[in-house]
Amino acid sequence: MQNAHGKAFVFGDDVNTDVILPGKYLNVTDPKELASHCMESEDPDFVKKARPGDIMVAHKNFGCGSSREHAPLSIKYLGISCVIASTFARIFFRNALNIGLPILECDEAARNIHEGDMVSVDFEKGIITNETTGKTFQAEPFPPFMQNLIACGGLVNYSKAKIEKLRASR
Amino acid sequence: MGMTVTQKILAAHAGLESVSAGQLIEAKLDVVMGNDITIALAVPEFRKSGADRVFDKDKVVVVLDHFAPNKDIKAAMQCKVCREFARENELTHFFDVGRMGIEHALLPEQGIVAPGEVIIGGDSHTCTYGALGAFSTGVGSTDLAMGMATGENWFKVPAAIRFNLTGKPGKWVCGKDVMLHIIGRIGVDGALYRSMEFSGDGVANLSMDDRFSMTNMAIEAGAKNATFPVDDICRAYLEMHCKKNWTAYEADEDAEYEKTIDIDLSAIRPTVAFPHLPSNTRTIDEVGDVKLDQVFIGSCTNGRMEDMAMAASILKGHKVSDSLRVIVIPATPSIYMECMEKGYIRTFMEAGCAVSTPTCGACLGGHMGILAAGEKCLSTTNRNFVGRMGHVESEVYLCSPAVAAASAIAGRIVSPEDIMDKEGED
Chain V
0 MQNAHGKAFV FGDDVNTDVI LPGKYLNVTD PKELASHCME SEDPDFVKKA RPGDIMVAHK
60 NFGCGSSREH APLSIKYLGI SCVIASTFAR IFFRNALNIG LPILECDEAA RNIHEGDMVS
120 VDFEKGIITN ETTGKTFQAE PFPPFMQNLI ACGGLVNYSK AKIEKLRASR
Chain S
0 MGMTVTQKIL AAHAGLESVS AGQLIEAKLD VVMGNDITIA LAVPEFRKSG ADRVFDKDKV
60 VVVLDHFAPN KDIKAAMQCK VCREFARENE LTHFFDVGRM GIEHALLPEQ GIVAPGEVII
120 GGDSHTCTYG ALGAFSTGVG STDLAMGMAT GENWFKVPAA IRFNLTGKPG KWVCGKDVML
180 HIIGRIGVDG ALYRSMEFSG DGVANLSMDD RFSMTNMAIE AGAKNATFPV DDICRAYLEM
240 HCKKNWTAYE ADEDAEYEKT IDIDLSAIRP TVAFPHLPSN TRTIDEVGDV KLDQVFIGSC
300 TNGRMEDMAM AASILKGHKV SDSLRVIVIP ATPSIYMECM EKGYIRTFME AGCAVSTPTC
360 GACLGGHMGI LAAGEKCLST TNRNFVGRMG HVESEVYLCS PAVAAASAIA GRIVSPEDIM
420 DKEGED
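Residue numbers (numbering that gives the first Met the number 0), protein chains in the order written: chain V, 0 to 169; chain S, 0 to 425.
Pulled out of the complex, with its shape left as it was, chain V reads as follows:
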């Protein structure tokens, strides 16, 4: 997985999927169009301010609410390179892994990164560096099963062999 490096945009607790991608846009499936509405309810200018490679940081329960994969898709296709949060809501966590949006759980980093700080992430080691303050943080490593899922490039690629076998058995 490529390492991340970018400017931090910081959000609070319980950032929910209605805020990340409002329900009125669920008639859209084009990920680039979804990206143009990312975080619109929280900060309408976010999509203009965020540059490819930038990093989102949030506190507890990021992505709570709906199962809409449109939410992580909008973040990924905006070009956000990584989301760091104290904790993630579980469906969002799964969805992010499944579509290949890099996420890291690290409460210490979430509390010690401020809006505008430059942040870099070494995914292999799970090390997050706040380059503005010089502090480094160790994120929770993914269990081997999930590392494998990520290495495959997400759930679809992971499932291909299984699907091929199913087809052959029919």
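Hints listed in this document are in silico derivations from the structure and should not be mistaken for laboratory results.
Among the clues, some could well be false.
[As the list claims (entries may be wrong)] For lysine-lysine, the following DSSO-like pairs were computed, each having C-alpha atoms within a straight-line distance of at most 27 Å:
id, chain 1, residue 1, chain 2, residue 2
1, V, LYS47, V, LYS31
2, V, LYS75, S, LYS167
3, S, LYS242, S, LYS56
4, S, LYS56, V, LYS164
5, V, LYS23, S, LYS290
6, S, LYS27, V, LYS31
7, V, LYS161, S, LYS56
8, S, LYS155, V, LYS159
9, V, LYS159, S, LYS27
10, S, LYS73, V, LYS47
11, V, LYS124, S, LYS315
12, V, LYS164, S, LYS47
13, S, LYS79, V, LYS23
14, S, LYS47, V, LYS161
15, S, LYS56, V, LYS159
16, V, LYS48, V, LYS159
17, V, LYS75, S, LYS242
18, V, LYS23, S, LYS375
19, S, LYS27, S, LYS170
20, S, LYS375, S, LYS315
[To be verified] What the simulated footprint calls covered on chain S by chain V, stretch by stretch (three residues with Cβ under 8 Å from a Cβ of chain V suffice, anywhere in the stretch; the number is not a length):
id, segment
21, 56–64
22, 137–147
23, 287–300
24, 361–368
[Said to hold, decoys possible] Reference listing, derived: stretches of chain V covered by chain S, where coverage requires no fewer than 3 residues with Cβ under 8 Å from a Cβ of chain S:
id, segment
25, 20–31
26, 54–68
27, 161–167
We put the beta carbon where it would ideally sit given N, CA and C, even for glycine.
Fit chain S to the given chain V structure using the hints.
What follows is chain S alone, placed relative to chain V:
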């Protein structure tokens, strides 16, 4: 170490003797469900994977309920993708407009989901079916696509919190109030990644419709799933609705729970969640003066028969306040028809309510009741996040059908007691 209900179901579907919290497993799926929003996004992933058909045409369920009847051209295109997918795969359970109901009311009613099953759905409120003693959880569209293709999915076995229910709820208190009370106590991440397992003597005092609205909102506490025991009330429901063979699981005596929370149902008051989190709750005695622009009665949380009956019993002979509008949506065609037969539709319409064919539209700000800037809606739905039902400056308050109906008459949030228990007094 013993297992919880959820752990037993997962172990059985993973072909394992036992599982424990934190373990990663691959489990066989009994039902995989999606709707017009999530199937539309899943179909391209399904095709990308090389799958040519669903793993079992009897076990994949498609319900066009979110933006259907088609709310605009984009929604129409999405529904078309879903229709074509359903027909191509000759799905047994495909519900289009006219036969469609709100999925989490429809699937139990149609007997498609049963105790002991593992069910995933491309909708976060899929946790609803835990009221029947199933393991049931919401997933995104990629999980949905691969579930439809392979009939399997990976899960992290959850730890659990036990809710020991005692007592009997008061006259105007239903499952919705109980769940709002619980979420108010533990917070919107109070059960994050956990199972919520309901048990105790108080369970017998909750109807199936109460239980469905409670498990429905487990996701609002961050939970992975929720379960109720399969008791006589549940068996009677299954007798009426479900022809499948099923297995009821009970937790082991020594099952491990992170904690047990005691809930005395008799002490719970009608409860309202204020903007903008379901955990921001107040009892009806603490709501103050909140004037309303819209009241919504329906959804996968509270669009079932008992909800309609409760709302009708309060609205009968009354007019809704002329300062607001009221929208009532029975959740399925058979609930709608029963409402007609019992005269509830007439009651609603004579009171001044709009009554609609089933759709999820209003709840997620799609269609059928969008809010303008500055408007306040009291709603029997499940989420009151910023902008949930419309404009980013609108507000949603969550409550039971009884509180919604009483407040529709008063024009502001009031207790059903204020309307009903004062009748006959002069």
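Okay, the hints, checked on the actual structure:
1. Between the alpha carbons of LYS47(V) and LYS31(V) the distance comes to roughly 14 Å, so the proposed pair stays at or under 27 Å and holds.
2. With a C-alpha separation of about 48 Å, the suggested pair LYS75(V) and LYS167(S) falls outside the 27 Å cut-off, and the hint is violated.
3. Of the supplied pair hints, the one linking LYS242(S) and LYS56(S) holds, its CA atoms being roughly 18 Å apart against a limit of 27 Å.
4. Proposed proximity of LYS56(S) and LYS164(V) is supported: the alpha carbons are some 18 Å apart, at most 27 Å.
5. Restraint check: the Cα-Cα separation between LYS23(V) and LYS290(S) comes to about 26 Å, which is no more than 27 Å; the hinted pair holds.
6. This hinted pair does not check out: LYS27(S) and LYS31(V) have alpha carbons roughly 34 Å apart, beyond 27 Å.
7. The straight-line distance between the Cα atoms of LYS161(V) and LYS56(S) is roughly 18 Å, inside the 27 Å bound, and the hint therefore holds.
8. For the suggested pair LYS155(S) and LYS159(V), the alpha carbons sit about 21 Å apart, so the restraint of at most 27 Å is met.
9. A C-alpha spacing of about 17 Å is found between LYS159(V) and LYS27(S), which places the hinted pair at or below 27 Å, so the restraint holds.
10. For the given pair, LYS73(S) sits about 25 Å from LYS47(V) by alpha-carbon distance, which is consistent with the 27 Å threshold.
11. Using a Cα cut-off of 27 Å, the hinted pair LYS124(V) and LYS315(S) is violated, with the two alpha carbons roughly 65 Å apart.
12. Between LYS164(V) and LYS47(S), the direct Cα distance comes to roughly 16 Å. Compliance with the 27 Å bound is thereby established for this hinted pair.
13. Proximity of LYS79(S) to LYS23(V) is assessed by CA-CA distance (about 19 Å); at most 27 Å being required, the pair is judged to hold.
14. Between the alpha carbons of LYS47(S) and LYS161(V) the distance comes to roughly 14 Å, so the proposed pair stays at or under 27 Å and holds.
15. Of the pairs offered as hints, the one joining LYS56(S) and LYS159(V) holds, with about 20 Å between alpha carbons and a cut-off of 27 Å not exceeded.
16. Under the criterion of a C-alpha separation no larger than 27 Å, the hint pairing LYS48(V) with LYS159(V) is inconsistent with the structure, at around 38 Å.
17. Using a Cα cut-off of 27 Å, the hinted pair LYS75(V) and LYS242(S) is violated, with the two alpha carbons roughly 44 Å apart.
18. As the CA atoms of LYS23(V) and LYS375(S) are separated by approximately 18 Å, the hinted pair is consistent with the 27 Å bound.
19. Simply put, LYS27(S) and LYS170(S) have alpha-carbon atoms about 42 Å apart, too far for the 27 Å limit, and the pair is violated.
20. Our distance criterion of 27 Å between C-alpha atoms is met by LYS375(S) and LYS315(S), whose separation comes to about 24 Å.
21. By the rule of at least three residues with a Cβ nearer than 8 Å to a Cβ of chain V, the coverage given for the segment 56–64 of chain S is violated, with 0 such residues.
22. Residues of the segment 137–147 of chain S lying with their CB closer than 8 Å to a CB of chain V number 8, which satisfies the three-residue condition for coverage.
23. Given as covered by chain V, the segment 287–300 of chain S fails the check, having 0 residues with a CB less than 8 Å from a CB of that chain where 3 are the minimum.
24. Counting residues of the segment 361–368 of chain S whose CB lies closer than 8 Å to any CB of chain V gives 3, which reaches the minimum of 3, so the coverage claim holds.
25. Interface restraint, the segment 20–31 of chain V with chain S: holds (7 residues with C-beta to C-beta distance below 8 Å; minimum three).
26. Evaluation of the coverage hint for the segment 54–68 of chain V: fulfilled, as 8 residues show C-beta separations to chain S shorter than 8 Å, against a requirement of three.
27. Proximity of the segment 161–167 of chain V to chain S, defined as three or more residues with a beta carbon under 8 Å from a beta carbon of that chain, is established by the 5 residues found.
Checked against the numbered hints given earlier, this structure breaks hints 2, 6, 11, 16, 17, 19, 21 and 23; the rest are met.
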